[in-house]
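With these hints in hand, go ahead and build the complete structure from the sequences.
1 is the number of the first residue of the sequence shown in this note's numbering; add one for each residue after it.
Keep in mind that a hint or two might mislead.
When the alpha-carbon atoms are kept at most 20 Å apart in a straight line, the in silico PhoX-like pairs for lysine-lysine are as follows [stated by the list, open to error]: (1) 38 to 27; (2) 88 to 36; (3) 96 to 76; (4) 19 to 76; (5) 64 to 19; (6) 87 to 64; (7) 76 to 88; (8) 64 to 76; (9) 36 to 96; (10) 96 to 38; (11) 96 to 27; (12) 76 to 27.
Because the hints were derived from the structure by calculation, they are not lab data.
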Amino acid sequence: MAQEDRAQQAVENLSQEDKNEILNNFKNFQDYLGNKVKQGERLGLSEDALTKAAQRVADYLADKEEPRNREEYLLKQLWLAADEENKKPLANTLVKLADQTN
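Next up, the structure:
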């Protein structure tokens, strides 16, 4: 299973309680993503692999989860408005944002 698939599966397998804790506050969301980026870096994932994983997670969140705050709402709207070509730089920027928080 590819690392990108594992990232999406990890999010899908979170309990509803864990999802709520992560998604109810944007800072918690950033911290969670930052921890996952650091974990991926320790595993030797390239920036491209981290970006692909972020794209999978963003696709899942946009499709399956309702935003719980203004920041997540904005991210969802940006994601839904972007075509495939524009999603990669958005995902890469999200990885960089998450990486800077830790």
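Outcome of the hint check:
1. 38 to 27: Roughly 16 Å separates the two Cα atoms, so the pair holds.
2. 88 to 36: 18 Å, holds
3. 96 to 76: Judged against 20 Å, a Cα distance of about 18 Å means the pair holds.
4. 19 to 76: 16 Å, holds
5. 64 to 19: The given pair, whose Cα atoms are some 12 Å apart, holds under the 20 Å limit.
6. 87 to 64: With Cα atoms ~17 Å apart, residue 87 and residue 64 stay inside 20 Å; holds.
7. 76 to 88: With a Cα-Cα distance of about 14 Å, the restraint between residue 76 and residue 88 holds, given a limit of 20 Å.
8. 64 to 76: 11 Å, holds
9. 36 to 96: 12 Å, holds
10. 96 to 38: 11 Å, holds
11. 96 to 27: Holds, at roughly 15 Å.
12. 76 to 27: 16 Å, holds
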